[in-house]
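Given next are the chains, with one letter for each unit.
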Amino acid sequence: MTGMDAEISFEARAYQACISGLKRQWSGPLYRQVVDLAGTNCDAKGIEQNLRKDSRYQVFGWLEHYLQQFKYLGRWGMLTEFTPQEEKLAKLLADAAAIEPDRLDLDPDMALPDYFCVGDFHQHPGGIWSDAHDAFAYEWGATLTTPMSADHGDLHDRFAGLVNEMAAPENILDQACGFGKTTLALKSLLPDARVTGSDVAGPCLMLGHKRAVEAGLDIRFVQCPVEDLRFDDSSFDAVTGSMLLHEMPPSAIRASLIEARRVLKPGGLYAQLDFYDVPGGEVGRFFHNGHSARNREPYMMSLIKMDLAGELEAAGFEDVAIVPFEEGAGALDNGPDLPHQWRFPWTLITGRAKP
Amino acid sequence: MTHPSHHYFDDPAMTRLMGMVTALAGEVFVLKAQNRRLTVALEDAGSLDPETLSAAGDSPDLAIWMEQERDAFAAALMAPLTEPDMAQAAHDRIFGTGTIGDKVAHATGKSRATGKGDAI
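Those protein sequences? They're chains A and B, same order as listed.
Plus 858 on top of the position in the first sequence (first one is 1) and you've got this note's numbering.
Plus 1041 on top of the position in the second sequence (first one is 1) and you've got this note's numbering.
Please note: incorrect hints may appear among the correct ones.
Claimed, not checked - Below, in silico cross-link-like pairs of lysine-lysine (DSS-like), each with a Cα-Cα straight-line distance of 30 Å or less:
| id | chain 1 | residue 1 | chain 2 | residue 2 |
| --- | --- | --- | --- | --- |
| 1 | B | Lys1144 | A | Lys1123 |
| 2 | A | Lys1163 | B | Lys1144 |
| 3 | B | Lys1073 | A | Lys949 |
| 4 | A | Lys1163 | A | Lys911 |
| 5 | A | Lys1212 | A | Lys1123 |
| 6 | A | Lys911 | A | Lys949 |
| 7 | A | Lys903 | A | Lys1212 |
Treat the hints as calculated values from the structure; they're not laboratory data.
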């Protein structure tokens, strides 16, 4: 796997290929069987009740929940593979942190938000914020988030391209940057822009710094929560993020919008990629509800119930737009109808900071 | 935090059996990959012939491997029968089974242990 220096055994690569194959069966043929079963005559809750006794839906649900666990914790799971390497991985991050150290700003006194540190989001036990091996496992796991995409990196490159088209920003804050997938894409596309990544997870920030150093990209990584950014007012002309909002309760989202507005220059671009506009009517919502429950994503449902446009306007944004996002070629071929394969309802949420 | 329990089948034994089958699938696929890798290596080296293959099957090294692998294989196969929810078990090992407050305090204390420049 390019760019990864944790050791991944041949067996682990083969095992993850097997898990990936099973996930593709789940997201393709099995998903389409459940779509056929769902019908169109009742709401999401009714569909769930009607299908509960059908073995095909039972297997669908089981695979959705447990394949994720095998991915992390099976005999050659990502955490199984990386946890014994913790000492080595921590040293790799520490060694990288010593290179261009002014570009990595960790805050040892920062308190993690409560909702973040006990959530085990997407069933990563202990969270992605704990240790070096968690950051490396998160990076590896991200390549398997979208089973139907041929190239996971494509999603972040596409997002970076849209941000550039909309704003041609010169000073960007990429929030909840994790290990920097979007951050590095932004800097690669816009080498003259000043790009900053922020996150609460120290090991992920250290890994992002390492990848940036390896790629020769000048990116600053800062540890802080989105509800309390460590930047001055009007510091940036673009604030971006991906897969952030659905990991937060509504109160935290509201606080983050106010903070984003504060650090943006008037007219600056706010752009988030997340799971919000669910296609396919009640059947689409049925699948989304199920994923939220089965993959330990407790805030996915509260997010789609929010009036995000209204919240953005209340926080000081205008020209708000919420549109489906094509994460890979052909992903939106079915338009507002159910997709042919299971996919996340990727949505691009944008606004401009009011003067 | 104890997450909502996930039961997808009327018979809870099915959950455990599905886990066992999935674990077995992983084992079989890895085995196929190893076998294929070995075949390719031997073919490339011009070493794959029936006599050599037979001799390898009788080697003491293989016998030792078999004994060790037998136990690891069986443990992995049977794990979902005894602990079907690996994630809950891992979560409990990390956070304990106390109140949310206890878990947050534990998690917060752990995050504060990471200082700038310190080894994680």
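So which hints don't hold here, by number, going up?
-> 1, 3, 6, 7
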